[in-house]
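So the chains spell out like this:
Protein chains: 2
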Amino acid sequence: MNDKAIPNDRSTALLTDKYELTMLQAALRDGSANRQVTCEVFGRRLPNERRYGVVAGTERVLRAVEDFRFSANQLAEMDFLDDKTKEYLRHYRFSGQIDGYREGELYFPNSPILTVRGTFGECLVLETVILSIMNADSAVASAASRMVTAADGRPIIEMGSRRTHEYAAVTSARAAYLAGFDATSNLEAGYCYGIPVSGTAAHSWTLAHTNPDGTPNEEAAFRSQIDTLGVDTTLLVDTYDITKGVETAVKVGGPKLGGVRIDSGDLGAVTRRVRKKLDDLGNHNTNIVVSSDLDEFAIAGLRGDPVDAYGVGTSVVTGSGAPTAGMVYKVVEVDGIPVAKRSSSKQSVGGAKRALRTYRSSGVAVEEIVYPFEAAAPDTGQLDTREMTIPLMRDGHIVDGLPDLHASREYLAKARKTLPWEGLALSRDEAAVPTRMVGFKK
Amino acid sequence: MNDKAIPNDRSTALLTDKYELTMLQAALRDGSANRQVTCEVFGRRLPNERRYGVVAGTERVLRAVEDFRFSANQLAEMDFLDDKTKEYLRHYRFSGQIDGYREGELYFPNSPILTVRGTFGECLVLETVILSIMNADSAVASAASRMVTAADGRPIIEMGSRRTHEYAAVTSARAAYLAGFDATSNLEAGYCYGIPVSGTAAHSWTLAHTNPDGTPNEEAAFRSQIDTLGVDTTLLVDTYDITKGVETAVKVGGPKLGGVRIDSGDLGAVTRRVRKKLDDLGNHNTNIVVSSDLDEFAIAGLRGDPVDAYGVGTSVVTGSGAPTAGMVYKVVEVDGIPVAKRSSSKQSVGGAKRALRTYRSSGVAVEEIVYPFEAAAPDTGQLDTREMTIPLMRDGHIVDGLPDLHASREYLAKARKTLPWEGLALSRDEAAVPTRMVGFKK
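If you're matching them up, the sequences are chains V and A in order. Residue numbering for the first sequence follows our numbering, starting at 1 and increasing by one per position. Residue numbering for the second sequence follows our numbering, starting at 1 and increasing by one per position.
Watch out, some of these pointers could steer you wrong.
Because identical chains cannot be distinguished in the list, a pair is counted as satisfied if it fits within a single copy or across any two copies.
[Claimed, not checked] 30 Å max Cα-Cα, derived BS3-like pairs, lysine-lysine:
hint: 1; residue 1: Lys256; residue 2: Lys86
hint: 2; residue 1: Lys277; residue 2: Lys414
hint: 3; residue 1: Lys256; residue 2: Lys84
hint: 4; residue 1: Lys417; residue 2: Lys277
For the record, the hints were derived by calculation from the structure and aren't laboratory data.
This is chain V alone, in the form it adopts within the complex:
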């Protein structure tokens, strides 16, 4: 029995598809490894006809690129490579440039999210790890952002660790926090990223206080939880009868009880009943926390009900119907020549790109203009503009002063306010902001 999936040395170099290394071997042999290329990360469409996407994972990508080194042990394993290729990989260190959208930025179909420039050899081998991170993190952040809007100012706690890969759980907590969630249940995410960690109690807690004769003892469970965690804790009241659970909670916790959590049933009807019960008992300041398979639609549906906080699990860590953002990484320029796949579907526009976004004086976004990377910014008349494409990596080093997770979270909260009103709708439709390509040859 052996599980080496989490390597001790943290190298990201084998989080890679084999064909990248066999192509590298051929490219070293025929010389194309030294051609200067530009690779672009973009999404052809937004999943499920959503109105916008959220760029997430950028910081993790830059870190993974810096960490992309092959250890002697890893190279020794790869008997399918010739010595020249192994020697190249032994010294591999990305030395190129990365520009792109900052983390927490909104994106739309064909937004040039990352522009990676360097030799074909050095850019080629980064495809998988860059896409894995961007696709996973952006999927979660894009779904989470819709939930934050649906919650309309009420706090949301991410508690989906148990529904996704154990390490995806950690980065999902990060992506949800970026999108505006208030806390996570995941300890590792708190430890790694400084995200607030919170939690209540499980049904197992109440069940573990069953009397020796087999009768329930919810009161003992509640009393012990309050004794240890204080009266501002949140008690889970739906293990047996919810109404009795609330009565017992108030009996034990008194008027200062922090909250009750409800994890089953018709949450709208139940929260109204529980709110009335709490108020009748004088517990006007005791909060109601709800969980139980909530997604953005269920959250929106509870907007008129007395909910003080949401706990969201499965739907956020699985991207609420879109578990991957569907971004691709394509060579768009070779030695200054725009290139693109041409056959049938999946066509794209060749050439290195950058983008700006225009805004009305009210601050509402009008359109995104994508133009050649080396060209001057197009004239946008009297509209305000913001450059979307910023330097992220220079000569293989992460540029100084990039915003951290907390700053990116604040940035996104403001960026969401630039969407036209239909941009926050949960229904399916076109992207809220159109993307226009300017200055490219067809």
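Model the placement of chain A on the given structure of chain V, informed by the hints.
Using the frame of chain V, we list chain A on its own:
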């Protein structure tokens, strides 16, 4: 900038929801931490009304439980815990028993997939990491197994790393291989789990051979690939015009060319055209590999077409519409007393459980019988039976002689043959094998 999501010391102990440790603190204080409990991993239903699920992740779970230790650094971070709890965690080592379904076994709604026995304290804290692994791995394996059936003996290569979290990519490759996929593109999965790794080439390869004047040079790309990787390589022929791509591939590779890959278009029509072209050129032994958003339905739809191998990405790593298996971990017994949540939805049956499956003499499964863990096996008349529940961990140690990944893969291939014919249907319906609870009080 800091990404510590992949810890150097590989401890799994913080892949945990905070409430598990706060409940532990209260349980240590009130004594309930010492009560003997049984926790059960099961799924209330199969996602998307599938006919069966595949148990995957068991070996990884057992390993994670063995590795579940708290380092001094981790404990120092947890300022929300009292000294007694930190002391308990400092010495934490699971010392209980785990029984359950072997990896690669089929499961159905309410199958008692894992039965974890120990003190409440030691079982409580394992909830998140056990569920994360089982839910992620079983989701992928369950989807992959349907694809293997749909492929009807043709090989499938897993190539979805870029569409999921960078470490989920590695374990997804493992789960897909367990389910019968033949290879993966992911190098780390090959390195960690001994899975065959394969690959072809990307469009970037062809595009990187664009002439200095901007004209395409597919021939140079193909020639270089064959020079380096040999004539049995697979050439990607759909960067420009597919028919010309095939002609160029045969011109360069000759009659012994290994294969061509097609990654776009109407794959049925295109493969028929390409097969005819290859045959007309005398390349009867050149294989056709297809990729491009394939799922089990698309694979089945190509059954009558001249496809020699499938490359499957997004759909398999995202569980083809069911990115999590939806398993839960519930306390079902406390000091020998069966317990269960009783309110409204999400009811379950209390009591520690084990299961056997019955079969006709033809080998076809009839039903799954779930019965009390300590009871004698129920009489199943003249039907053949197989005990589903086997010892996996004893006193905190993984039992000797558990099957490895390759053995589990073979086991699953045989287990699939025990399904009634409708069990292999891709349409939505009830589980193929009914589960019956025997000997439990309601």
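Going through the hints against the structure:
no.	hint	result
1	Lys256 <-> Lys86	between (66 Å within a copy, 28 Å between copies)
2	Lys277 <-> Lys414	neither (38 Å within a copy, 56 Å between copies)
3	Lys256 <-> Lys84	between (71 Å within a copy, 27 Å between copies)
4	Lys417 <-> Lys277	neither (37 Å within a copy, 55 Å between copies)
Checked against the numbered hints listed earlier, the structure breaks hints 2 and 4; every other hint is satisfied.
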